[in-house]
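**Student:** Top line first, the protein sequences correspond to chains V, X and P. Sequential numbering from 1 applies to the first sequence in the UniProt record's numbering. Sequential numbering from 1 applies to the second sequence in the UniProt record's numbering. Sequential numbering from 1 applies to the third sequence in the UniProt record's numbering.
Quick caveat, the hints were computed from the structure, so don't treat them as lab data. Cβ coordinates follow ideal geometry from the N, Cα and C atoms, glycine included. Please note that a few of the clues may not be correct.
What the hints assert, rightly or not - Taking lysine-lysine and the BS3-like style, the derived pairs with C-alpha atoms no more than 25 Å apart in a straight line are:
(1) P:352 x V:352
(2) X:352 x P:352
(3) X:352 x V:352
To be verified - Derived list of chain V stretches under chain X, where covered just means 3 residues or more per stretch with a C-beta under 8 Å from a C-beta of chain X:
(4) 313-321
(5) 349-357
What the hints assert, rightly or not - With the C-beta cut set under 8 Å, the calculated list includes, among others, these residues of chain V facing chain X:
(6) 276
(7) 280
(8) 283
(9) 284
(10) 375
(11) 378
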Amino acid sequence: MDFRDPTDRTDRADRPDLVDQHCHGVLREGPVDTAHFGSLLTESDAPPAPGTSHFDSQLGFAVRRWCAPALDLPANCPPDVYLARRRELGTPEVTRRLLRAAGLATLLVDTGLPGDLLVPAELADAAGAPAHEIVRLETVAESVADQGPDAAALPGRLTEAIAEAARGAVAFKSVVAYRHGLALEPDPPSAAEARAAAGRWLAERERGGRLTDPVLLRCLLWSAAGTGLPLQLHTGFGDSDLRLPDADPLLLTDLVRALQPTGCRLVLLHCYPYHRGAGYLAAVYPHVYADLGLTLGHTGARARAVLAEALELTPFGKLLFSTDAYGLPELYLVGSRTFTSGLGELLDTWVKERSWAPADAARVAALIGGGNARRLYGLVDG
Amino acid sequence: MDFRDPTDRTDRADRPDLVDQHCHGVLREGPVDTAHFGSLLTESDAPPAPGTSHFDSQLGFAVRRWCAPALDLPANCPPDVYLARRRELGTPEVTRRLLRAAGLATLLVDTGLPGDLLVPAELADAAGAPAHEIVRLETVAESVADQGPDAAALPGRLTEAIAEAARGAVAFKSVVAYRHGLALEPDPPSAAEARAAAGRWLAERERGGRLTDPVLLRCLLWSAAGTGLPLQLHTGFGDSDLRLPDADPLLLTDLVRALQPTGCRLVLLHCYPYHRGAGYLAAVYPHVYADLGLTLGHTGARARAVLAEALELTPFGKLLFSTDAYGLPELYLVGSRTFTSGLGELLDTWVKERSWAPADAARVAALIGGGNARRLYGLVDG
Amino acid sequence: MDFRDPTDRTDRADRPDLVDQHCHGVLREGPVDTAHFGSLLTESDAPPAPGTSHFDSQLGFAVRRWCAPALDLPANCPPDVYLARRRELGTPEVTRRLLRAAGLATLLVDTGLPGDLLVPAELADAAGAPAHEIVRLETVAESVADQGPDAAALPGRLTEAIAEAARGAVAFKSVVAYRHGLALEPDPPSAAEARAAAGRWLAERERGGRLTDPVLLRCLLWSAAGTGLPLQLHTGFGDSDLRLPDADPLLLTDLVRALQPTGCRLVLLHCYPYHRGAGYLAAVYPHVYADLGLTLGHTGARARAVLAEALELTPFGKLLFSTDAYGLPELYLVGSRTFTSGLGELLDTWVKERSWAPADAARVAALIGGGNARRLYGLVDG
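Chain V on its own, in the form it takes in the complex (with noise of 0.2 Å):
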């Protein structure tokens, strides 16, 4: 499969349109210094290995093969050359040079991480592709709660704030798998145990506690699930937040099949190292969805495999691309082109063994790199 350079965006019908489907917003200010870009290339919060920098990562390498032939330099340069080329050319320009050349026809942008980082119009005008928002509903309740409500309103402004919030929104994006884990009730709480959890949640917010209670989790969700908006869960691998065990998307399958009858549809992100155990629930279940995220960038040179095991049991219809992309810039290139390389190679092999035909593999990397997004988040703009 031959994607074209996708930084020519002058012929729009014979290259893939890829949409993101899950971004989030880069620094505005550049990182200040080599270690800070070094912390924006890891999900870990501490040092390297003693000797080694975070460049020493198959994310590191990929962002110095994909990354610097957009700052005129050659692939594959060393770090240092690489930064410094960077701060030589400014945040803003680095920003446009990169968005532009991961050659996105529309960006789906979560909202809810912190950090002074570009919204999403400032986001569509360096990438030259319009973006949408995506509301993160642990994001939602804290700021209702921030407004003081009591435990008895609670539950019913969090319904109200999440379909307020579904009038600018594309999709809803949770994090439970980092604030309870995947192990969840199916059901939808009660009336009385969503109050009794409000009470829990507001008492514990006054020393500091944010949003973990499991009952109020599934109410964002059941809320969530009431808008008719696709509903995005972080699943597999992440920093060191996360217990990795509990974000086993195969964990949600009690929840996924008592939401079938909402024709709520469900993205799984990132799903590493479970995308197998994801692909087998999008093979199953007509409202689930799967997606690589974070896993292709910093998988690397290795994107390729995993992306074959991901298209394995994932029907061609379901599976989705995003970057995951986050501070960096350099996050979004990557994450294009370990997708783009990567599922561009996977299908010339097939072709070329004469596994799949060609036009085939022309429709099946429309679909994945943006036909599935469009038809799911309904986009008619890119």
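Got chain V sorted already, so can you dock chains X and P onto it with the hints?
**Tutor:** Coordinates of chains X and P only, in the frame set by chain V:
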């Protein structure tokens, strides 16, 4: 490894004699329409993603690749062309062509699935190869219960019926993975436990309850173990009736240990995505065997990669071949071809890089394709 | 990546200096017969499938591939030819040849396994490379208990004995995965808990009970953490004494977090089939390292594929090399060659497809092959 054309049955000595150690009947009257055909290509009971069809999966593509030529069509021809030709030829001719092309020397048929399916003798006739019966334990139990025994008599009747069924069968099969999950108490239930469970189940049956009681399911397994026949267990993925984490074959560890002194040989079917864990069990327990059954067809162009993973720890005398074909004769040919082409390419690679001697590759191909099954089931006729 | 012939020790600067960071003694008197040899090729304590031998596995084939040439035989020669030549040369000569051919610069030897095995000094002599001792915590505990302390004294004695053992060792090793499983309470036991557990164990010991009490096992881990030496933990597959799901390194997550403030560095050994999860832990926790040990030899022709998976998330400064050789000197050579050939081919591929720069590949090979271990264990002599 070059597997000879399996449709050429004139020269048995020179080609792998495939023993399909786990398969099912195919529809006597072919699928009534395109949607029906599609529903037999998926483990889901729901429609495909909008704008796609159930052909848009590795299995769907594999059917077009491997089956179209057997119906005189070019490989990878479009679904509608394929289905039109299928209607033109008629179900009996399609069935005969596809089963013959699968190149099977023997079929071991699990007859416990519903539907108007060809019985083993009819499959044998279509395939041109002998067929033997595998008896599904849960089906035996339902038949016994239909005869109206009281709770005190039921456990003994189950044991008798299983012993009786053993006389005409080559193996037993259990779907306890569906009915309860594989996390079972390892020991045989006491007589009192069995009676109590029988009472509960007979009461539930009046309200339509199928057999899900873990005590009775364990009675079935222990009764089967007493017959000396191999016992096949569904493990790994299946349809949406399954909770996949409950089907991890490693959950069987304690039961595997408890059954070891009985001499009962256990066959772990399908296994995906837990096939590496299944390989470990086959490596350390002398009475455990594994196959990939359902997995090979459903992963299509990726079958070779999955086979490679199964061949990491599984001893070469312990891996078995099956198609798990059901409903569509296509699944016989796809199961056979994904296996022979996948294994053939894998062994070729290892020989080419000098990891394996050519004679070793040929011997291992013969063991996995049929030799291991012939030894395990005591087959003498094909 | 082209690893130079590791038997050529004349030019150290140009080849990876392999540090085998986890291995064991080999039999002083070679295996007595073919069956005995075979039993040392498997993690099972049972006979192979009828009609096959324990050579019929990836490890068996890898022995024939890699070891036959070191005994002047063609690669992949038949098992009986190999074993005849082995007898002809005699155990000492075979041991010397195979250990030399493994091209090890340093050996870190876990001396806690039973049998009439070469001690580290003898292994060093055979390998022509220095050997250092790894002390197995559970063996220390048994020795302490043999001295007859009462329950009140035992916990303190364990701590003292571990501190004493640390003086002559480069690392500790725990087999808590076998004795209890890795799902442990994360905190150090209180003195009262430890005394109570000591009393229970000392009573059990009179009836022959080995140390399986989780409280005492945690005492050992925390005492080892206090010494400042790295702590190696068996994770992943092993022999049939293990329940594999209990050896998933992700079960250690809470303990990993609890130990982080102590500065104790943790080394996850073997890891298969949970090596991707181990890579995640190594990526997000600064004190976690991983190796594939036992895995590479046992997966033989598939070692490259497994290494590739481990290199998805594991930072390049965190992956280590070991053979986990035990009993047979063949396991040293097989472990070494599957690693160097597997990693070499993998890195060659990434360089060839321009994912990695050649200098990066060379540097990463040197880190994984030995540099990471030298830094971690403070090695200065090989």
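**Student:** Hints first: check each against the structure and report whether it holds.
**Tutor:** Hints and how they fare:
no.: 1; hint: P:352 x V:352; in the structure: holds, 20 Å
no.: 2; hint: X:352 x P:352; in the structure: holds, 20 Å
no.: 3; hint: X:352 x V:352; in the structure: holds, 20 Å
no.: 4; hint: 313-321; in the structure: holds (count 5)
no.: 5; hint: 349-357; in the structure: holds (count 6)
no.: 6; hint: 276; in the structure: holds, 4 Å
no.: 7; hint: 280; in the structure: holds, 5 Å
no.: 8; hint: 283; in the structure: holds, 6 Å
no.: 9; hint: 284; in the structure: holds, 4 Å
no.: 10; hint: 375; in the structure: holds, 6 Å
no.: 11; hint: 378; in the structure: violated, 11 Å
Hint 11 alone, counting from the list given before, is not met by this structure.
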